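Below are the chains, spelled out letter by letter.
2 protein chains.
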Amino acid sequence: MHKPALAQGILFTDQYQLTMAQVYFRLGIHEQPALFEHFFRSYPDYRRHQAGYCISAGLEPLVHWMQEAAFGDTEIEQLRAQRGRTGEPLFADDFLTWLRRSGSFDGLSLRALPEGRVAHPHVPLTVVEGPMAMAQILETALLNHINYQTLIATKAARMRESAGEGQVLEFGLRRAQDTGANAGTRAALIGGADYSSNLGMSLVMGLPPKGTHAHSMVQAAMVLGLGELGAFRAYAETYPDDTLLLVDTVDTLGSGVPNAIKVFEELKRKGHRPLGIRLDSGDLAYLSIQAAKMLNDAGFPDTAIVLSNDLDELVIWQILTQIRSEARQEGIEPESLIKRLVFGVGTQLITSTGYPALGGVYKLVAFQHESRWKPAVKISDSPDKTANPGHKRAWRLYDRRGRATADLLALTDEVVENMDELVLRHPSDITKTRTVSREEVTLEQLHQEILREGRVVYEWPGLEEMRRVRREDVARLDPGVRRLIHPHIYHVSLSDALWRLKYELIAAARGTSTGNV
Amino acid sequence: MHKPALAQGILFTDQYQLTMAQVYFRLGIHEQPALFEHFFRSYPDYRRHQAGYCISAGLEPLVHWMQEAAFGDTEIEQLRAQRGRTGEPLFADDFLTWLRRSGSFDGLSLRALPEGRVAHPHVPLTVVEGPMAMAQILETALLNHINYQTLIATKAARMRESAGEGQVLEFGLRRAQDTGANAGTRAALIGGADYSSNLGMSLVMGLPPKGTHAHSMVQAAMVLGLGELGAFRAYAETYPDDTLLLVDTVDTLGSGVPNAIKVFEELKRKGHRPLGIRLDSGDLAYLSIQAAKMLNDAGFPDTAIVLSNDLDELVIWQILTQIRSEARQEGIEPESLIKRLVFGVGTQLITSTGYPALGGVYKLVAFQHESRWKPAVKISDSPDKTANPGHKRAWRLYDRRGRATADLLALTDEVVENMDELVLRHPSDITKTRTVSREEVTLEQLHQEILREGRVVYEWPGLEEMRRVRREDVARLDPGVRRLIHPHIYHVSLSDALWRLKYELIAAARGTSTGNV
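Just so you know, the protein sequences line up as chains U and W, in that order.
So the first sequence is numbered by numbering that gives the first Met the number 0: it starts at 0 and just counts up by one.
So the second sequence is numbered by numbering that gives the first Met the number 0: it starts at 0 and just counts up by one.
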C-alpha cells in the first residue's frame with residue numbers, strides 16, 4: 000500500500016476531472032480555450048468572531064506543483080487499468096495517448112492576486128485560461144493549495160492584529176493535517192506570524208526556527224534527581240545566550256519562576272543575557288503579571304515572556320485587555336510588560352479553528368466557441384452564488400487618504416481608467432449602487448500575470464517582500480474592516496456593464512432551461 | 000525558497016526537539032532508555048454533537064516515515080548553520096557528529112493500537128521506548144501523523160453510523176490542508192468511507208476512485224449550444240455503463256431530472272443500465288423523494304441518488320429522518336429510497352469541522368536511571384491531565400454478551416489475567432470504583448508490538464482487514480456509546496496498583512517542588 004508518490008503528482012486530483020476531460024475529448028473541445036476563475040464567496044466566520052478581509056497565499060507552491068506534474072507512463076498505466084461497472088476500460092486508448100502527449104499544464108496562462116495581498120469575496124484569487132481539459136484537471140490542486148494557504152494567512156493576520164507589536168510564533172506542526180503542516184507554516188509566516196517552531200519549513204522559508212523546551216526535559220531531570228533547577232541549569236549551560244525556560248512543569252510561581260531567576264542570575268554573573276521564560280498553562284494574564292514582577296524585582300526587566308496554550312486572536316486580545324486593566328495595581332507598567340510578550344499559537348492558527356476550510360470555488364466564466372469567446376454562467380438559487388461571467392479586470396479603489404474603499408470587477412474591454420464616473424453596483428442587491436467621481440479615487444489593477452502558456456513571467460517575491468505587501472495592504476484598510484468581531488463589510492462591486500451582462504445571461508439561461516426539456 | 004524536501008524528512012519536527020536533544024547530550028542521557036506514551040485526553044466534541052469513541056489510524060505511514068527519516072549531510076549542514084543571539088553556533092560539533100552517526104529511529108521500539116481499532120481517552124495509541132534523544136525528536140511527527148488520521152477515521156466512523164447501509168464517498172481533497180489531504184483520504188477509508196474521489200490516493204489504497212462530473216461540463220455544453228441534455232448525452236456516450244449525472248446545474252426537477260431520464264431511456268434502448276444522478280444543492284431530502292418518484296415512474300427504480308453539499312453526520316441523519324416521515328405521502332417506500340442513497344462528504348469529513356485537531360499528547364512516563372526504570376510524572380492542575388506513570392499494559396474487558404465494557408490500564412508486572420477480581424478505579428475521581436469478577440469478563444490486550452529496536456515485527460494489514468477490525472470493534476460497543484449526540488461515557492479505568500503509584504508520585508513531586516526552590 001506504500002507508494003505515496005503516485006498520489007502527489009498529477010493524480011493529486013479528483014477522479015471526475017479525468018472523466019470530464021475524456022468527455023471534452025469526445026466532444027472535441029478538450030483543447031478549446033476556456034476561462035476559469037477561482038474566488039471565495041464569503042469571509043471566514045469563526046462563529047464567535049469574523050474576518051473582514053483575507054490574505055492571499057499559496058500561489059508559488061501551486062505553480063511549482065504545476066510545473067512538475069505530468070502524465071507519465073506510471074500515471075497512464077494506472078488510468079488504463081481503471082474499469083467501469085461492466086469491466087470495460089473507463090479511459091479509451093486515444094484519450095490516454097492524447098493525455099500522455101499533451102496532458103501537462105504547459106498550455107495554461109494564469110493571472111493572480113500576489114501572495115500577501117488583501118483579498119475580498121468574489122474578486123478572483125486566480126484566473127486560469129487555456130485548453131479546456133487541462134484547465135479542468137487543474138481545479139482540485141489549485142483549490143487545495145490556495146484555499147488552505149489563504150485561510151491560514153488570513154488567520155495569522157488576525158493574530159497579528161490582536162498581538163499588536165508582540166511577536167507571534169507559529170507552533171502548529173503537531174496539530175496539522177499531516178504534511179499539510181508545511182503549507183500552513185508557510186502561509187502563517189506570510190500572513191502575520193514572525194517565526195515558526197517548524198524546523199524544516201522555517202529553513203525552507205529562510206528563517207531561524209524558534210523553540211524552547213518541553214516538560215519532558217524537566218521530568219527527565221527530575222528522575223535523575225536534578226530537579227527542575229538542574230534541568231534549567233543544563234539548558235542554560237547548553238544555550239547560555241539563548242536561555243528560554245518553560246516554568247510550569249511543577250508550579251509556575253512557586254518553583255518555575257524562582258528557579259528560572261536563579262539560573263538567570265548565574266548566567267548574568269558569567270556575562271550572559273537570559274532570553275526569557277515560557278508560560279504554558281493557567282491564567283496567562285495573571286501569571287505574566289506576577290512573573291514580570293518577580294523578574295523585575297530580580298533585575299531582569301527585559302526578559303521575554305512567551306505565552307502558549309490554545310491561544311487565538313480573542314484570547315490574545317483578552318490577555319492584553321486584562322493586563323492593561325490589572326497590571327498597574329501590581330506595580331507593573333502595562334505597556335512595558337506587553338512589549339515583552341511573545342505569543343505561541345498552535346492549533347487555532349494551523350487549523351483555523353471555527354472555520355477550517357475557505358470554500359473557494361473554481362468556475363467556468365467563459366469558453367471559446369467558433370473562435371469567439373462566450374461568457375458562461377451557472378444559475379444558482381441566489382445571484383450572490385452565481386459567478387460573474389466573462390473576461391474581467393479587478394480594480395482596487397483608494398480614496399484621497401489612501402484608504403482602500405472598494406474592489407471593482409469590470410469587463411476587460413471597459414476602460415475604467417478613463418471614465419469620469421465609476422458606477423459601483425452591489426453584486427446581488429439591485430437597489431444598491433454607489434457612484435464615485437474618477438478624481439476622488441486612485442485605481443490599482445489587482446491581478447499580476449504569473450504564467451503565460453505555462454511559462455513563468457513573474458518574479459517570485461521573497462518572504463520579506465510578501466510580508467511588506469501584506470503590511471501595506473492591511474494598513475490601507477479602514478479600521479472597521481480590520482475589527483476582529485463583526486467587522487465592517489468592505490465593498491466589492493460590479494461595473495454597470497458587467498452587472499448588465501450577468502443579469503442578461505441569467506435571464507437567457509433561465510429561458511434555455513425550460514427549452515431543454 | 001522552493002526546496003520543500005528538506006521539510007519532509009527528519010526536520011519535519013519542532014525546533015525544540017533538537018535543542019532538547021542537545022541538552023540530553025550534554026547531560027549524557029541522550030542514549031538512556033526512555034518510555035513515552037501518546038494518548039488523547041478527551042473525545043472529539045463537535046459542539047452540536049460529540050464522539051463516544053475514536054478509531055485509531057495513521058500508524059503505517061508514520062512507521063514508513065520513521066524508516067526513511069535520518070540526519071543526512073544536508074540536514075546536519077542546516078543545523079550547523081543555525082546561530083544563537085550572539086552569533087555562536089546553536090549546535091556544537093560533538094552533538095552534530097553524534098546526530099549524523101546515531102540520529103535515526105533504529106533504536107526505538109514501538110507498541111501501538113492497530114489501525115481501525117476503537118480507541119478511548121488515556122489509553123495510549125502508541126508507546127515508544129528507546130534512547131531519550133531520538134524518542135524525543137520523534138514526538139512531533141508521531142503526533143502529526145496519528146492525531147490527524149485518528150481524528151478523520153473517527154469522523155468517518157460517525158458518517159458511517161448515520162448513513163446506515165448507504166454508501167459514503169469521501170470528496171474532501173479540495174478542502175484539506177494541502178498534501179495532508181492524502182492522509183485524510185486514507186483515514187476516511189479506514190474509518191468508514193467506502194470510496195474517495197481522490198484519484199491518486201484511491202489508487203494507492205487499492206480502490207477505484209469515484210466521481211461524476213461538475214457543473215462546468217454542463218456549462219461548457221450550454222455555450223456550445225448543446226444544452227444540459229447535450230452534456231448528459233456526451234457523458235452517457237463516453238460512459239454508457241457508468242452514467243451518473245449531476246442534475247442541478249439549471250433546475251433540478253424542471254430540467255436536470257427530466258433530461259437525465261431522457262438519456263437513461265436512450266441508454267436502456269441500447270442495452271445499458273444507467274448508474275444514477277447526483278443532487279448537489281437545495282433541500283436534499285425533498286429533492287431525493289421527488290427525483291425518486293420521477294425515476295420510478297420512468298422505469299428506473301434502482302438508479303443511485305448521490306447526495307452532496309456540505310453533509311455531515313447530523314445532516315445525513317436529518318435527511319434520512321425526513322425521508323422516513325415524508326416519502327410515503329408521496330407514494331415512495333422510504334427504505335427502498337434510502338437503499339439507493341449515496342452520501343458524498345467533503346469539508347466536514349476532511350477537516351473534522353467543529354473539532355479540527357485531536358489534541359493527542361506525547362508524555363514521558365518512565366526513564367531509566369542507574370540501570371533501573373523510574374516512573375515519571377508531571378503534575379497538572381487536575382489529576383485527569385496528569386499522564387499515568389510507568390510501564391503499563393492496556394486491556395479491554397468484554398462482558399458475557401461480548402460487549403466491550405471497559406478499558407483498563409494496569410502496570411506491566413500486574414498479572415491481570417489471573418486476578419479473581421478486577422478493581423477498576425476512575426482515573427481522577429477517588430470516589431468512583433467498580434469491581435468486576437474475573438469470570439464475568441473476557442480480557443484482551445490492546446497493544447501490538449510494531450517495532451523492535453527499529454525493525455518492523457508486525458505484518459501491516461490491508462485496507463479490508465483494517466475495515467473489518469473497525470466494523471467488529473464498533474459492533475462490540477454499547478449502542479449508547481455509538482450515539483451521535485451526548486453519547487454514554489465509556490469506562491476507562493486504572494488498576495488499583497497503577498492508581499496508587501500515580502498518586503504517590505504526585506504527592507512526592509509536590510514535595511520535591513518546594514524543595515527545589
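A hint or two may mislead.
Note: identical chains are not told apart, hence a pair may lie in one copy or across any two.
[What the hints assert, rightly or not] Simulated pairs of lysine to any residue, SDA-like, Cα-Cα distance not exceeding 25 Å:
| # | residue 1 | residue 2 |
| --- | --- | --- |
| 1 | 267 | 48 |
| 2 | 261 | 240 |
| 3 | 431 | 96 |
| 4 | 261 | 25 |
Don't read these hints as lab results, they were simulated from the structure.
Owing to the predicted nature of the structure, the values given are computational and were not obtained by experimental measurement.
Status of each hint after checking the structure:
1. 267 with 48: neither (44 Å within a copy, 54 Å between copies)
2. 261 with 240: Answer is within: at 15 Å inside a copy they meet the 25 Å cutoff, but 77 Å across does not.
3. 431 with 96: Classified as neither; 52 Å inside a copy, 69 Å across copies.
4. 261 with 25: between (77 Å within a copy, 20 Å between copies)
Of the numbered hints given earlier, the model fails hints 1, 3; all others are met.
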